[in-house]
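> Chain residues, written in single-letter form:
2 protein chains.
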Amino acid sequence: MAEAVAILGSTPRTLDALLRALPGEWMAANEGNETWSPFDVLGHLIHGERTDWVPRARIILEHGEARVFEPFDRFAQFVDSEGRTVASLLDEFAVLRQQSLRDLAALQITAADLDRRGRHPAFGAVTLRQLLSTWVAHDFDHLVQISRVLARQYSDEVGPWRAYLRVVREAHE
Amino acid sequence: MAEAVAILGSTPRTLDALLRALPGEWMAANEGNETWSPFDVLGHLIHGERTDWVPRARIILEHGEARVFEPFDRFAQFVDSEGRTVASLLDEFAVLRQQSLRDLAALQITAADLDRRGRHPAFGAVTLRQLLSTWVAHDFDHLVQISRVLARQYSDEVGPWRAYLRVVREAHE
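So the sequence lines, in the order shown, correspond to chains Z and B. Using the working numbering, read the first sequence as starting at 14 and increasing by one per residue. Using the working numbering, read the second sequence as starting at 14 and increasing by one per residue.
Keep in mind that a hint or two might mislead.
What the hints assert, rightly or not - Pair by pair, the computed Cβ-Cβ distance ranges are:
1. B:Gly137 - Z:Met14: 49 to 59 angstroms
2. B:Ala100 - Z:Val108: 40 to 50 angstroms
3. Z:Ala124 - B:Arg71: 55 to 65 angstroms
4. B:Ala119 - Z:Thr98: 47 to 57 angstroms
5. B:Pro173 - Z:Ala15: 17 to 27 angstroms
6. B:Val92 - Z:Arg115: 42 to 52 angstroms
Said to hold, decoys possible - From chain B, some residues computed to sit far from chain Z (all C-beta separations above 12 angstroms):
7. Thr98
8. Ser101
9. Gln111
10. Ala118
11. Gly137
Hints are computed from structural coordinates only; laboratory data are not their basis. For clarity, every value in this text was computed on a predicted model and none was experimentally measured. C-beta: ideal position from N, C-alpha, C; glycine also.
Starting from the given sequences, assemble the full structure and let the hints guide the process.
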C-alpha cells in the first residue's frame with residue numbers, strides 16, 4: 014500500500030514536468046483515428062479521480078459484491094475538457110489526486126481489506142487489491158501512451174536514426 | 014530549436030518525479046533477457062550526454078562530413094553505473110543535461126546550420142537537424158520504455174483489468 018501511494022502521489026509531478034511546457038500542437042497530437050492525444054489522456058485521468066478509483070474502493074468496503082460499480086465513462090473527457098487549458102487540467106489533476114490519496118488514507122484499509130471483493134460491471138468479482146494495483150498500472154499505461162505520441166512527433170525529422178528508436182520505428186512499420 | 018530545448022530541459026524533472034521515490038526492485042526490473050531496467054536506461058542517458066548529442070553537434074559544426082562520429086557505446090552504463098544509487102544518477106543526469114543545453118546555446122546554431130551534415134558510423138550522412146530531433150525523440154523513446162517496464166510490475170496483481178491496460182496486456186500476449 015505504501016509503495017502504491019508513493020507512486021500515485023508522484024504522477025501529477027511527472028505529468029507536469031512532461032506536459033506543461035509542450036507546444037500546443039504536441040498536446041493535441043494523437044496516433045490517428047479515434048486514438049487519444051496527451052490532452053485527452055489528461056482529461057481521462059481527471060475523470061478517473063472523480064468517478065473511478067476511490068469511489069469504487071468505497072463501494073467495495075461499504076457494499077462488497079452487493080452493489081455493481083457504476084460503469085466508467087471512457088469518453089467523458091471529450092465533453093469535460095472542452096475549452097480547457099493544459100495548465101488548468103494539470104492543476105486540477107494534481108488537486109484531485111492529492112484529495113484521492115487523502116480519502117484513501119481515511120479509509121484505513123487493512124491487509125485483510127485488500128482481499129475484499131466488489132462487482133465490476135464487465136468482469137464480475139474483483140478484489141480491492143486488484144482495483145488499487147490497477148490504479149497504479151493505469152498511471153504508467155497512460156504515461157507510455159503519452160510518451161509514445163510525443164516520441165512520434167519527430168518521426169520524419171529523425172531521418173535514419175528511426176532505426177534505433179523503437180517507438181518511432183514501430184509507427185512506420 | 015526553442016521547442017526542442019524546452020523539451021530537453023524538462024526531461025530530468027520528469028524522470029526525477031517518476032523514479033526517485035520508486036522501490037529499488039522496480040528500478041532493477043526489466044523485460045527479460047538482455048532488456049534494460051529503469052536503472053540501466055538512466056545510465057544510458059547519462060552516457061549520451063557525455064559522448065553523443067553535443068559532442069556530435071560539435072563535430073558536425075567543426076568538421077562536417079570529414080570526421081566520422083565516434084561510435085556510441087550502448088553498453089557503457091553496465092560498467093559506469095555499477096554501485097551507484099538512483100538518486101546520484103538522477104542528480105548527475107540533471108547536471109549534465111543542464112550543461113549540455115548551455116553548451117548547445119553557446120554553439121549559436123542558426124537555421125542554416127541545421128542543414129549541415131556530419132557522418133554517422135552506420136548511417137553515413139546525417140544532418141544537424143536530424144541529430145537534434147533524435148535527441149528529443151530519444152528522451153521520449155526511453156520514457157516509453159521505462160513506463161512500460163513499470164506498468165508491467167503489477168501484471169498479475171491487476172487481475173481481470175489486464176484486458177483494459179494495453180501495455181500490461183501486450184506483455185501477456
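> When the structure is checked against the list of hints, which entries are broken? Sort them ascending.
When the structure is compared with the hints, numbers 2, 4 and 11 turn out to be violated.
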